[in-house]
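For chain H, the structure is supplied; the task is to place chains E and P on it using the hints.
Chains as they are written, first to last, in my numbering: chain H, 7 to 156; chain E, 7 to 156; chain P, 7 to 156.
Calculated directly from the structure, the hints in this document are not laboratory data.
Treat identical chains as interchangeable: a pair holds within one or across any two.
Only pairs whose alpha carbons sit at most 20 Å apart, straight line, appear in this in silico EDC-like list of lysine to aspartate or glutamate:
#: 1; residue 1: K109; residue 2: E120
#: 2; residue 1: K87; residue 2: D73
#: 3; residue 1: K56; residue 2: E103
#: 4; residue 1: K49; residue 2: E105
#: 5; residue 1: K56; residue 2: E105
#: 6; residue 1: K49; residue 2: E62
#: 7; residue 1: K109; residue 2: E57
#: 8; residue 1: K19; residue 2: E120
#: 9; residue 1: K109; residue 2: E62
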Amino acid sequence: MSPEQRLLQLGIKLPAGNYAPAVHSGSFLFLSGKAPLPVNDVKPRGRLGKEYSAEEGYALARSACMDLLATVRNTLGSLDKVVRVLEVHGSLNTTPEFEDHAKVLDGASDLLLEVFGPAGLHARSVIGVASLRNGVPLTIRATIECEPQD
Amino acid sequence: MSPEQRLLQLGIKLPAGNYAPAVHSGSFLFLSGKAPLPVNDVKPRGRLGKEYSAEEGYALARSACMDLLATVRNTLGSLDKVVRVLEVHGSLNTTPEFEDHAKVLDGASDLLLEVFGPAGLHARSVIGVASLRNGVPLTIRATIECEPQD
Amino acid sequence: MSPEQRLLQLGIKLPAGNYAPAVHSGSFLFLSGKAPLPVNDVKPRGRLGKEYSAEEGYALARSACMDLLATVRNTLGSLDKVVRVLEVHGSLNTTPEFEDHAKVLDGASDLLLEVFGPAGLHARSVIGVASLRNGVPLTIRATIECEPQD
Chain H
7 MSPEQRLLQL
17 GIKLPAGNYA
27 PAVHSGSFLF
37 LSGKAPLPVN
47 DVKPRGRLGK
57 EYSAEEGYAL
67 ARSACMDLLA
77 TVRNTLGSLD
87 KVVRVLEVHG
97 SLNTTPEFED
107 HAKVLDGASD
117 LLLEVFGPAG
127 LHARSVIGVA
137 SLRNGVPLTI
147 RATIECEPQD
Chain E
7 MSPEQRLLQL
17 GIKLPAGNYA
27 PAVHSGSFLF
37 LSGKAPLPVN
47 DVKPRGRLGK
57 EYSAEEGYAL
67 ARSACMDLLA
77 TVRNTLGSLD
87 KVVRVLEVHG
97 SLNTTPEFED
107 HAKVLDGASD
117 LLLEVFGPAG
127 LHARSVIGVA
137 SLRNGVPLTI
147 RATIECEPQD
Chain P
7 MSPEQRLLQL
17 GIKLPAGNYA
27 PAVHSGSFLF
37 LSGKAPLPVN
47 DVKPRGRLGK
57 EYSAEEGYAL
67 ARSACMDLLA
77 TVRNTLGSLD
87 KVVRVLEVHG
97 SLNTTPEFED
107 HAKVLDGASD
117 LLLEVFGPAG
127 LHARSVIGVA
137 SLRNGVPLTI
147 RATIECEPQD
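Extracted from the complex, chain H is given alone in its bound form:
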């Protein structure tokens, strides 16, 4: 009996969201937006330019990018199946006066280069937004080229 058949027989219904952390199509992997990881079980909240400096933002972007890479590994089985990073987009929860967007997103870009080398070199964009879900300070999403799916 297959695991899926066993679930059916046992009457177990796994929780299922209405969206996916990642979608794999051909040689492309499309990733959902990711927020920084919790610190001591607390999810970071606040604005760049108010609760967080640009330096702290750099660390937050690196943290969100680590969660992104965890999703890539969960989806593909291994980061070694990444051919190259194509696009990275950052949405920063900022005060209207904040201008150091590039410095913050560098936290994600630098990590991608450290992990993938030249294959981590990506196109990118970064904006300052009015609000984000649960008040998180930033979200990052990406599109990745990977080995084609069977």
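This is chains E and P only, laid out in the frame that chain H set:
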């Protein structure tokens, strides 16, 4: 004589915009941003967290997603040519304090699952923006995998 | 000796960023966000609806799109290798009351149609953001279909 030749002969010039509701390339369909449909001929205007609650936002996201699906059908001829939904991105016109972005975008995500089943499961992102064209409360865009064009 | 070997021998290390102006994958070109070009060596700064009118925004979007096209040419060698423009996304630095987003982004869309004809017709989206890097009034990014890489 072909329809296009007839237009030329009749001196009729169809109105043409400077962008397309959708662009089909290979097995990808790229869709322009869509706002909620008019209610009693009036286009919804206002902000989430002020003029609209998160519950109302859910319905507005569902409505914008219906317009998105209408564009997919107009472009491909039938929704049956959709292989799977790849990405959905929501831009919500919010107050700075709004935090229920996920609940609002669920209006679009739930509709896609209802219509396409597992093929509707998509990667997504959602942000709160400072302003939108004509003061609409949200826009939604998507990238879709479809049967390759001839 | 190859140019790269010569650089090594000369001990010259070229400056290298942590992201790319464009990434070419198969028949897709992904472009980083671009701001309007400097005027008399001064980079435009300010908000639409405050320092800039929608008419001025149109010219600023056209200018950012020119920088985008320069990047396409630098990357592909020639604009003649563009098969079609797929997507254009505009992020406008606006006051909360601004509503003429479409008029502003037309500056980019019109230029693409002038340059590429029907192949310039693209899907698009435009949002008003809370802030942008260095206080620039807008950024524009795009995805382009081009002749496949060897």
